[in-house]
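Undergrad: In case you want the letters, here they are:
2 protein chains.
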Amino acid sequence: MIIDCHGHYTTAPKALSQFRAWQMDRLKNPDRLQPDPGVAVSDDEIRDTLENNQIRIQRERGVDLTLFSPRAGGMAHHVGDAKTSEAWTRHCNDLIHRAVMLYPDNLAGVCQLPQSPGVSPANCIPELVRCVEELGFVGCNINPDPTDGYWTDPPLTHRHWYPLFKKMVELDVPAMVHTSCSCNPNFHFTGAHYLNGDTTAFMQFIESDLFRDFPTLKFIIPHGGGAVPYHWGRYRGLAQNMGRPPLETLMNNVFFDTCVYHQPGIELLLRVVPPDNILFASEIIGAVKGVDPQTGFNYDDTKRYINAVQWLEPEVREKVLGGNALRVYSRLRSRLEAQGRLPASGESS
Amino acid sequence: MIIDCHGHYTTAPKALSQFRAWQMDRLKNPDRLQPDPGVAVSDDEIRDTLENNQIRIQRERGVDLTLFSPRAGGMAHHVGDAKTSEAWTRHCNDLIHRAVMLYPDNLAGVCQLPQSPGVSPANCIPELVRCVEELGFVGCNINPDPTDGYWTDPPLTHRHWYPLFKKMVELDVPAMVHTSCSCNPNFHFTGAHYLNGDTTAFMQFIESDLFRDFPTLKFIIPHGGGAVPYHWGRYRGLAQNMGRPPLETLMNNVFFDTCVYHQPGIELLLRVVPPDNILFASEIIGAVKGVDPQTGFNYDDTKRYINAVQWLEPEVREKVLGGNALRVYSRLRSRLEAQGRLPASGESS
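Chains as they are written, first to last, in this note's numbering: chain A, 85 to 433; chain B, 85 to 433.
Same shape as in the complex, but just chain A:
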């Protein structure tokens, strides 16, 4: 089973952005009392936005299942306050749930969280519980910088985050560490802020004892891990210099996706990161749209790069393309078992 662990609803119906526009307007003009428009969307609209986009591409590329979350750049946790973030997050996650209900074989839900700068991530627990227990979601996205470009909240390894991590462990859901938009003119969002967030998170993990405190907490670092695999020697050396345990000790907890959009990058990733720690992903209709004139295929057709790696053992390819996702997202396995798409627990995919 081929599982893409990184997809966003980048094509969501207009009503969602109209709600957001209403929210922003209310923040700017608190006296102008426009009624809350909600997010009124028909099933057909959802089908339209997916059939012609994510679901079509999924079928064309032979992907069985996508872990589907709200648009990352849209999370924009810096906007308004915790209440703003909460209302927005609820709508975004509800729409993911509806998409998943319409395409239960193609999609599984991953939620955004109502983070807000300076606010304890404990405030995200009710929404996480709702998404996982009521809506059947299998993971969440955590924004390591809710300020969206100024990084003034504490590192992911600070106790500030512990209440949320405790609940993640309890629910047995992993988080993808994914920044959102950038308000900082220094950082282009998909060209700098995303990759910087990935790189930053990994180094925070090296520096801390987070996984001693939470031995079963799991993070996926997207976009191939930012700069990390390319600088694997640097990180091994830094850990060694700092008297930290070797990188291998992070490998029960930290995973990398394959959103790297050229052949040499994918090969490096597969060469340096342990095979159990790489999860297939493409982030389609995402950061990098369009066809690479050098190959004639879409930049984001990462399955093609993986399949082109001649020296990859078949069992490693299978792990990367799906087996690892089933291990890391343990609720996904239960979900597939309940759907009768996987044999009952304990057996291999």
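In case anyone wonders, no lab produced these hints; they're calculated from the structure. Hints are not guaranteed to be accurate.
Claimed, not checked - Ranges of calculated distance between the beta carbons of each label pair, as one might list FRET restraints:
(1) His-244/A / Asn-113/B: 25 to 35 Å
(2) Asp-109/B / Pro-210/A: 25 to 35 Å
(3) His-244/A / Lys-112/B: 24 to 34 Å
(4) Trp-395/B / Ala-171/A: 55 to 65 Å
Unchecked claim - Just a few of them, taken from the derived set where beta-carbon distance is under 10 Å, the chain B residues facing chain A:
(5) Asn-113
(6) Trp-235
(7) Pro-269
(8) Phe-271
(9) Ala-276
(10) Thr-284
(11) Gly-310
(12) Tyr-345
(13) Glu-351
(14) Ala-371
Note that beta-carbon positions come from the ideal geometry of N, C-alpha and C, so glycine has one too.
Use these hints to put chain B onto chain A, whose structure you have.
TA: Relative to the frame of chain A, chain B by itself:
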């Protein structure tokens, strides 16, 4: 000729840090009037700090020349104000000059600049001119984030920087884009802030028309270009999506060093970045000290990785190890010609 374009005086005599401590103390306790201790260092002290360190390693590894600048983490432009930065920078650069005078065959000077958050980089011009014209330096380091971790100054491509760039062009000196320490607990300095700075700068260049305004301005992005070569496909795709010119159009202006501390990373760099745009560097006694137990050699012995790339054409290896540095640092060529170490201008190295 083998030229390492990225070395810092990380082993500078204690008197330098004592001066800095005095400066910091004066900032904290402006009423306590300790006399300015200056930086009193003998030639022998300088020899001691280098003979046992950078010069020894240079000889052991068969490197002919290192472009030598003050410690990057020590620039700490956020400390105090522009006057603080100016006094500190002058001492740091003077010490580089003395080291170069003692080892004129082994070292060539690259200066730090008296940047300060919120202050126009025009204030760096006198020190740049002094270092280049009076002290014979061949390049400078520019900190893209003088706040040291909060990124509240304008991007490198903003007109804010233009007076400095104009002078760089006039003097014909390139700049290495190098962040300094990090005051932000989110960013480990060598494990996140350095690489993020590299990645960020490259994306700024993609987004802007800086090199239309300054066609001969040259930047070296250190640490193998941060995340950039690993994500070369992403950047090609982003440029294409954004209607920006292809990456090749940046290649007269943007160069990458080889401070990547493992074999697969160096191979990726050599595979994706055009051969004229890669400059040998190792940053010895720098971010990553120590021996890699997997190879038995120092992590930062990057010449070894380059030499181990079997498929690299000899003429490309020669460019990477020295020829490109001579082209990018044009004042270095003149300097070597004046020393009689290179035939007079126009001829190949």
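Undergrad: If a hint holds in the structure, say so; if it does not, say that too.
TA: Right, here's what the structure says about each hint:
1. His-244/A / Asn-113/B: 25 to 35 Å: holds, 33 Å
2. Asp-109/B / Pro-210/A: 25 to 35 Å: violated, 50 Å
3. His-244/A / Lys-112/B: 24 to 34 Å: This hint holds: roughly 28 Å between Cβ atoms.
4. Trp-395/B / Ala-171/A: 55 to 65 Å: Taking Cβ atoms as reference, Trp-395/B and Ala-171/A lie about 56 Å apart, which means the hint holds.
5. Asn-113: Result: violated, 28 Å to nearest chain A Cβ.
6. Trp-235: holds, 5 Å
7. Pro-269: holds, 6 Å
8. Phe-271: holds, 6 Å
9. Ala-276: holds, 4 Å
10. Thr-284: At 4 Å from the nearest chain A Cβ, Thr-284/B passes the 10 Å test, so the hint holds.
11. Gly-310: Where the cut-off is 10 Å and the nearest Cβ of chain A is about 5 Å from Gly-310/B, the hint holds.
12. Tyr-345: holds, 4 Å
13. Glu-351: Glu-351/B check passes; min Cβ-Cβ to chain A is 8 Å, inside 10 Å.
14. Ala-371: holds, 7 Å
Of the numbered hints stated above, those contradicted by the structure are hints 2 and 5, listed in ascending order.
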